[in-house]
Amino acid sequence: MTVLLRTLPIFTLLVSIALPVGLAQAQTQAPPPERAPDTMAARVLACASCHGAEGEGTSDVYFPRLAGKPAGYLYNQLVAFRDGRRKYPPMNYLLDFLPDPYLKQMSEHFASLRPPFPAPAVPTVSKDILARGESIATNGDPQRGVPACASCHGSTFGGMEPAIPGLLGLRANYISAQLGGWRYGTRTAASPDCMQIIAGLLTEDDVKAVAAFLSTRPAPTDPAFAKRGSLPMPLVCGSQPN
-19 MTVLLRTLPI FTLLVSIALP VGLAQAQTQA PPPERAPDTM AARVLACASC
31 HGAEGEGTSD VYFPRLAGKP AGYLYNQLVA FRDGRRKYPP MNYLLDFLPD
81 PYLKQMSEHF ASLRPPFPAP AVPTVSKDIL ARGESIATNG DPQRGVPACA
131 SCHGSTFGGM EPAIPGLLGL RANYISAQLG GWRYGTRTAA SPDCMQIIAG
181 LLTEDDVKAV AAFLSTRPAP TDPAFAKRGS LPMPLVCGSQ PN
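149 is the number that the working numbering gives to position 169 of the sequence shown; each next residue is one higher, with no gaps.
To be clear, the hints were calculated from the coordinates, so they are not data collected in a lab.
No experiment lies behind these values; they were computed from the predicted model shown.
Take these hints with a grain of salt, some might be off.
Pairs of lysine-lysine residues, derived as BS3-like cross-links and limited to a Cα-Cα distance of at most 30 angstroms, are as follows [stated by the list, open to error]: (1) Lys107 to Lys84; (2) Lys107 to Lys207; (3) Lys188 to Lys84; (4) Lys188 to Lys67.
Simulated restraints on C-beta separations [unchecked claim]: (5) Leu25 to Asp76: 12 to 20 angstroms; (6) Pro221 to Gly64: 17 to 25 angstroms; (7) Asp18 to Asn119: 46 to 54 angstroms; (8) Lys107 to Ala33: 32 to 40 angstroms; (9) Asp76 to Gln123: 42 to 50 angstroms; (10) Pro13 to Thr104: 24 to 32 angstroms; (11) Asp18 to Lys107: 51 to 59 angstroms; (12) Ile177 to Pro13: 46 to 54 angstroms; (13) Gln85 to Thr183: 36 to 44 angstroms; (14) Ala111 to Ala204: 27 to 35 angstroms.
We put the beta carbon where it would ideally sit given N, CA and C, even for glycine.
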């Protein structure tokens, strides 16, 4: 009993010393990390390094602006990348296992964004080439059966619901690469593929001229796209349902 009594104060002292240390350790533990918000804006941040935080595009001329394009167009492109009709390995890989409903949500998110357009490109081609590009874009080339870009994409080249994209805010190299992809079959759309038909009628010089002209167009005062069916399309397009 005497031994027990003598040890009790020592035990009590040890407890009194250890207790504050334990509390201090608990207080210094890092709080649990905050969870990212479960929103589509947070989920598509993986797209930001190539397409910008709001889909506005980046300094890389081959990564296009996504913001404000019709949701139907964006959805068609995501499906094309996922299913291999458009070939770019990073996009093919990222979209490989995403289901249609999720791709539609992504498309609607980017379609709703309205970041500012970039400044128009400074022309690097002659006035004659720009004039040729403007002629094809606004009037087409009837003698060769080439319709005007404006007949489907609108007089301001803003696009039309549900699946015809705007052509502004894109760099000349990107536009040229996409027309080339259609011409040579490395980019395809649902049949009948009207863009493949039209691009096949263009020469290399035509492509250069159209791309240069469109890249120098100023930002539209109204970035909204035309209502569905408001433009008399010259061809039937499988990706643009009537």
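Here's how the hints hold up against the structure:
Proximity of Lys107 to Lys84 is assessed by CA-CA distance (about 42 angstroms); at most 30 angstroms being required, the pair is judged violated. For the proposed pair Lys107 and Lys207, the alpha carbon gap of about 33 angstroms is over 30 angstroms, so the pair is violated. For a cut-off of 30 angstroms, the pair hint linking Lys188 to Lys84 is broken: about 33 angstroms separates their Cα positions. Only pairs whose Cα atoms come within 30 angstroms are accepted, and Lys188 paired with Lys67 is accepted, the gap being roughly 22 angstroms.
Checked against the hint of 12 to 20 angstroms, the pair Leu25 and Asp76 passes, with Cβ atoms roughly 19 angstroms apart. Taken as a hint, the range 17 to 25 angstroms holds for the pair Pro221 and Gly64, whose Cβ atoms sit roughly 22 angstroms apart. The beta-carbon spacing between Asp18 and Asn119, approximately 49 angstroms, falls within the hinted interval of 46 to 54 angstroms. In this structure the hint that Lys107 and Ala33 lie 32 to 40 angstroms apart at CB holds, the actual value being about 37 angstroms.
At about 44 angstroms, the beta-carbon gap between Asp76 and Gln123 stays in the expected band of 42 to 50 angstroms. The given range of 24 to 32 angstroms is broken by Pro13 and Thr104, whose C-beta atoms sit roughly 48 angstroms from each other. The beta-carbon spacing between Asp18 and Lys107, approximately 53 angstroms, falls within the hinted interval of 51 to 59 angstroms. For Ile177 and Pro13, the hinted distance range of 46 to 54 angstroms is satisfied, since their beta carbons lie about 53 angstroms from each other.
Distance hint check for Gln85 and Thr183: the Cβ-Cβ separation is about 40 angstroms, which falls inside the suggested range of 36 to 44 angstroms. Between Ala111 and Ala204 the beta carbon distance is about 28 angstroms. The supplied range of 27 to 35 angstroms therefore holds.
Hint check: violations occur at hints 1, 2, 3, 10; the rest are consistent with the structure.
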